[in-house]
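For the sequence shown, position 164 matches number 144 in our numbering, and the numbering has no gaps at all.
Worth flagging that the hints you see were computed from the coordinates, not collected in a lab.
Be aware that a few hints might be false.
[Unchecked claim] Per label pair, the in silico range of CB-to-CB distance:
#1 Asn123 / Glu179: 44 to 52 Å
#2 Asn123 / Pro(-15): 16 to 24 Å
#3 Glu(-14) / Arg178: 26 to 34 Å
#4 Ala(-9) / Arg29: 15 to 23 Å
#5 Pro(-15) / Lys99: 48 to 56 Å
[Said to hold, decoys possible] Restricting the straight-line Cα-Cα distance to at most 20 Å, the calculated cross-link-like pairs of lysine to aspartate or glutamate (DMTMM-like) are:
#6 Lys83 / Glu127
#7 Lys205 / Asp4
#8 Lys99 / Glu145
#9 Lys187 / Glu199
#10 Lys205 / Glu74
#11 Lys83 / Asp39
#12 Lys83 / Glu195
#13 Lys112 / Asp57
#14 Lys81 / Asp57
#15 Lys112 / Asp39
#16 Lys81 / Glu218
#17 Lys81 / Glu199
#18 Lys98 / Glu127
#19 Lys99 / Glu127
#20 Lys187 / Glu145
#21 Lys83 / Glu179
#22 Lys212 / Glu145
#23 Lys187 / Glu218
#24 Lys212 / Glu195
#25 Lys98 / Glu145
#26 Lys81 / Glu26
Every residue gets a Cβ at the ideal spot worked out from N, C-alpha and C, and that includes glycine.
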Amino acid sequence: MNGPPESTWAALPLGRGVALLVHDANGVAALAKPAGILSHPNAAGEESRALLNAAYRIDGEFYQWAAHRLWLLNRLDSATSGVILVAADAALAETVRAQFKRKQVGKVYHALVFGTPKKAAELWQDRVAVQKRGERIRTVGGNIPAESRMSVVRSGRPVSLLRLEPQTGRSHQLRVQCASRGLPIVGDQTYGNFRLNREFARTTGIKRMFLHSLETSFEYEFEGKSFRFSAKAPLPAEFNTI
-19 MNGPPESTWA
-9 ALPLGRGVAL
1 LVHDANGVAA
11 LAKPAGILSH
21 PNAAGEESRA
31 LLNAAYRIDG
41 EFYQWAAHRL
51 WLLNRLDSAT
61 SGVILVAADA
71 ALAETVRAQF
81 KRKQVGKVYH
91 ALVFGTPKKA
101 AELWQDRVAV
111 QKRGERIRTV
121 GGNIPAESRM
131 SVVRSGRPVS
141 LLRLEPQTGR
151 SHQLRVQCAS
161 RGLPIVGDQT
171 YGNFRLNREF
181 ARTTGIKRMF
191 LHSLETSFEY
201 EFEGKSFRFS
211 AKAPLPAEFN
221 TI
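Start from the sequences and build out the full structure, keeping to the hints where you can.
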């Protein structure tokens, strides 16, 4: 199978600030999502804040416009920026989604946090529970393992830049793990330090959650062949201006 022609990728109805990073010959692609943009609309009126300027089918998990469809392979919180994956074929989408379910996708995030970790590198192991009420998701202490590798990229006061590699894929995992260690992510309006967030926004003039999906990589098999896919979304400039 050959993926869609180059003209299709060039004409994607990208949402505000969204950019195409890379695509392969089969039709797997990575987009760079800005903070504040939804992976997909959840309700009427949210289309203008979505990844694509196109109708979204929740039952099939794909965007549709004209004669085209683009399947969403993973999601990011609206406040999180960075790499998000799509596929131009339903069977291909199922293949890659299976990689996520088997935890065979490598993911790297960068987070700006208040404070400084006690160690330069550490394996974070916790147990959590994910509570869902409609579209609201909250992650609290529980019995489900949550594991991430942390290393310090840049330490300082009042903030440090961390590299985070989740080994499990729990909702809000990185946000909760940072907060529970007294290292709340800057701008996190759910698990963060609200007083420090206000001071930071007032001092810098920047108001966003400083969590960024930097890199995603994985191998997959499709139509009897093996392929490797990798994408990187450059760290937004505001991460380096503090």
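Right, here's what the structure says about each hint:
1. Look at Asn123 against Glu179: about 36 Å separates their beta carbons, and that is not inside 44 to 52 Å.
2. Roughly 49 Å separates the CB atoms of Asn123 and Pro(-15), a value that falls outside the hinted 16 to 24 Å.
3. The hinted window of 26 to 34 Å between Glu(-14) and Arg178 is violated, with their beta carbons roughly 46 Å apart.
4. For Ala(-9) and Arg29, the Cβ-Cβ distance of about 21 Å falls inside the hinted range of 15 to 23 Å, so the restraint holds.
5. A hinted range of 48 to 56 Å for the beta carbons of Pro(-15) and Lys99 is consistent with their spacing of about 50 Å.
6. Note on Lys83 and Glu127: the hinted pairing holds, with a Cα-Cα distance of about 12 Å set against a maximum of 20 Å.
7. For the hint linking Lys205 to Asp4, the alpha-carbon distance of about 14 Å falls within 20 Å, and the restraint holds.
8. Of the supplied pair hints, the one linking Lys99 and Glu145 holds, its CA atoms being roughly 16 Å apart against a limit of 20 Å.
9. At roughly 36 Å between alpha-carbon atoms, Lys187 and Glu199 are farther apart than 20 Å, so this suggested pair is violated.
10. Only pairs whose Cα atoms come within 20 Å are accepted, and Lys205 paired with Glu74 is accepted, the gap being roughly 16 Å.
11. In summary, the hint linking Lys83 to Asp39 is not supported, as the alpha carbons are separated by about 23 Å, beyond the 20 Å threshold.
12. Taking the CA atoms of Lys83 and Glu195, the gap is about 15 Å. The hint holds against a cut of 20 Å.
13. Taking the CA atoms of Lys112 and Asp57, the gap is near 14 Å; set against the 20 Å cutoff, the hint holds.
14. With a CA separation close to 18 Å, the supplied pair Lys81 and Asp57 stays within the 20 Å bound.
15. As the CA atoms of Lys112 and Asp39 are separated by approximately 19 Å, the hinted pair is consistent with the 20 Å bound.
16. For the proposed pair Lys81 and Glu218, the alpha carbon gap of about 33 Å is over 20 Å, so the pair is violated.
17. Taking the CA atoms of Lys81 and Glu199, the gap is about 13 Å. The hint holds against a cut of 20 Å.
18. Restraint check: the Cα-Cα separation between Lys98 and Glu127 comes to about 18 Å, which is no more than 20 Å; the hinted pair holds.
19. For a cut-off of 20 Å, the pair hint linking Lys99 to Glu127 stands: about 16 Å separates their Cα positions.
20. In summary, the hint linking Lys187 to Glu145 is not supported, as the alpha carbons are separated by about 24 Å, beyond the 20 Å threshold.
21. In summary, the hint linking Lys83 to Glu179 is not supported, as the alpha carbons are separated by about 38 Å, beyond the 20 Å threshold.
22. Taking the CA atoms of Lys212 and Glu145, the gap is near 14 Å; set against the 20 Å cutoff, the hint holds.
23. Between Lys187 and Glu218 the CA atoms are separated by roughly 10 Å; this keeps the pair inside 20 Å, and the hint holds.
24. At roughly 4 Å between alpha-carbon atoms, Lys212 and Glu195 fall within 20 Å of each other, so this suggested pair holds.
25. Proximity of Lys98 to Glu145 is assessed by CA-CA distance (about 18 Å); at most 20 Å being required, the pair is judged to hold.
26. Among the hinted pairs, Lys81 with Glu26 is inconsistent with the structure: their alpha-carbon atoms are about 28 Å apart, more than 20 Å.
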